[in-house]
Amino acid sequence: MEKIRYERPIIQKMNTGLMNKFGTRTEYEPVTHIESVPVKSLINNYGSPLFVISEKQIRRNYQNATRIFKTRYPKVQFAWSYKTNYMNAVCQVFHQEGSWAEVVSGFEYEKALGNGVPGNKIIFNGPDKTDEQLIKAARNNSLIHIDHYDELYSLIRLSEENKLKPRVAIRINMDTGIYPKWDRFGFNFENGQAWNAITRIINSECLDLVGLHCHIGTFMLSPAAYGVAATNLCELAWKIKEKYNKVIQYIDLGGGFPSANTLKGAYLPGSDTVPSIDQFADAITDVILGFGFKHEDLPLLILETGRALIDDAGYLLGTVLASKRLSDGRRATILDFGVNSLFTAFWYDHKVSPAQAFGNHTEEMILYGPLCMNIDIVRESITMPLLEKGNHLVVHKVGAYNMTQWMQFITLRPNIVMIDTENKTHVIRKAETLEYLEQNEQIPKHLKENPLK
Amino acid sequence: MKLKKNIATSEEGFIFNPGTGDSFSANPIGTDILSLLKEEKSLKSIVDTICAKYDVDQSQFEKDLDDFESQLKDNGILE
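As they're listed, the protein sequences go chains Y and H.
Residue numbering for the first sequence follows our numbering, beginning at 1 and increasing consecutively.
Residue numbering for the second sequence follows our numbering, beginning at 454 and increasing consecutively.
Next comes chain Y alone, as it looks inside the complex (with noise of 0.2 Å):
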């Protein structure tokens, strides 16, 4: 006789009057297989945990966004945000599919001039660019973001010293109406800052004022503010024109568009409440198209949008290591991965589906990841079917910032493979090892003994 398949014995106490309108959510439709490659094989083959890619998804999220602002307005140009997964093969997605490169720091620029981008094709911003770096993006002829006063004063003295005529734009804050304001990057539109600066870029002579930059905050879920940006921004360049009569070449709105996740605290699933890329779309470029340039005069419109092109290709792959009871009958699943991997952990209610097919019954439990810290929690509460040990687990949307901001802490950071538009699997970063750890560190001489050994 043919067993039956095994799930562990269950029993749960049955309430009246606790759901709400949407009854309960559930998690257990499994997800066998990432694009055609099935979850186990990608374990078998490259480890436990592990974060996988899909390039096909990242193209047809490009190809979206790009469609959704060409059909809009002429003028677009998307720029790879770096920091939100500055993985070489990632990158060259984007680049491939005619990305520029948007860099805040120094090592993100040599990243972006390694990936083959040509200078003039990389957007430097963040308040934080050495006097070298300087230099060397404007002698690329990047386009340089300036953040603030002494980077704006250094670049004037760089320039002169140097002979040089760096592009710039400055970086613009400004009250969208979204709290709280993001007012520690760049100069203030509000209280003529921004104008001052302007005025002494063009006062200078040494620096080319090309663009305009702004960047309202992150997983906006306003696109009003964005109209807000757009206005503020074409009204200077308006009156740069105006003044000066100087053309602006183009308007950058940074990024902030949100993914479909679920931030902690909301009430229902970020699928159902985050607005379209069509959205602010029309938001940005109503606002651009309908302020009266002349057609010749008409800003280049970029985008540095990150998370929204990359969030729904990434998943990470993990292992159920055991499943218990807490003191006050919670059931506990503890994952081979934790908020170190999973750093979006402590932002997003992360969607996870079970990786293999489960009974009808499911029960509510606490996901905990492996570290020795009370912290470390991927979902605090979820429903899930039977979960044992062995069991595989998927969590979507982790394509942004996991890759930048992931921790190597307690345990080291696992493989990261790219299925191709072919689906062929391709390691694009290898798990850490000790030596790789260690390969920094250096012992002094006394310390290089002890008396244990």
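Simulated from the structure, these hints should not be mistaken for lab results.
If you're wondering where the values come from, they're calculated on a predicted model, not measured in any experiment.
Backbone N, C-alpha and C fix where the C-beta goes; we use that ideal spot for every residue, glycine too.
Keep in mind that the hints are not guaranteed to be accurate.
Not everything, but these chain Y residues come out facing chain H in the computed CB check (under 8 Å) [unchecked claim]:
no., residue
1, K3
2, R8
3, P9
4, I10
5, Q12
6, M14
7, L326
8, G329
9, G359
Starting from the known structure of chain Y, arrange chain H on it as the hints suggest.
Positioned in the frame of chain Y, the structure of chain H alone reads:
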């Protein structure tokens, strides 16, 4: 592991505790264990019966049976 005498169970996995008014549902294997407990079978006999019926090795089931026992205890179903 001994069920309270007044606990009512059904073949479909419905459990009712008339002492507290609480009701519970069990999955099929949980229902099987409860019916074996009703028959006052020994732990060894429960393990043998379940391992013969389900595709599970003994050590895995023994671990899960411990866990099930604590669920029953927490919910006031055991003596």
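Results of checking the hints against the structure:
Taking 8 Å as the C-beta cut-off, the interface hint given for K3 (chain Y) holds, the closest approach to chain H being about 4 Å. Nearest Cβ of chain H to the Cβ of R8 (chain Y): about 4 Å, under the 8 Å cut. The hint holds. A least Cβ separation of about 4 Å between P9 (chain Y) and chain H falls short of the 8 Å threshold, and the interface hint therefore holds. Hint status for I10 (chain Y): holds, given a least beta-carbon distance of 6 Å to chain H, under 8 Å.
About 6 Å separates the beta-carbon of Q12 (chain Y) from the nearest beta-carbon of chain H, less than 8 Å, and the hint is met. The interface hint given for M14 (chain Y) holds, since its Cβ lies 5 Å from the closest Cβ of chain H, which is under the 8 Å cut-off. About 11 Å separates the beta-carbon of L326 (chain Y) from the nearest beta-carbon of chain H, more than 8 Å, and the hint is not met. Interface restraint check for G329 (chain Y): the shortest CB-CB distance to chain H comes to about 5 Å, inside 8 Å, so the restraint holds.
For the restraint placing G359 (chain Y) at the interface with chain H, the shortest Cβ-Cβ distance is roughly 7 Å, inside the 8 Å limit, so the hint holds.
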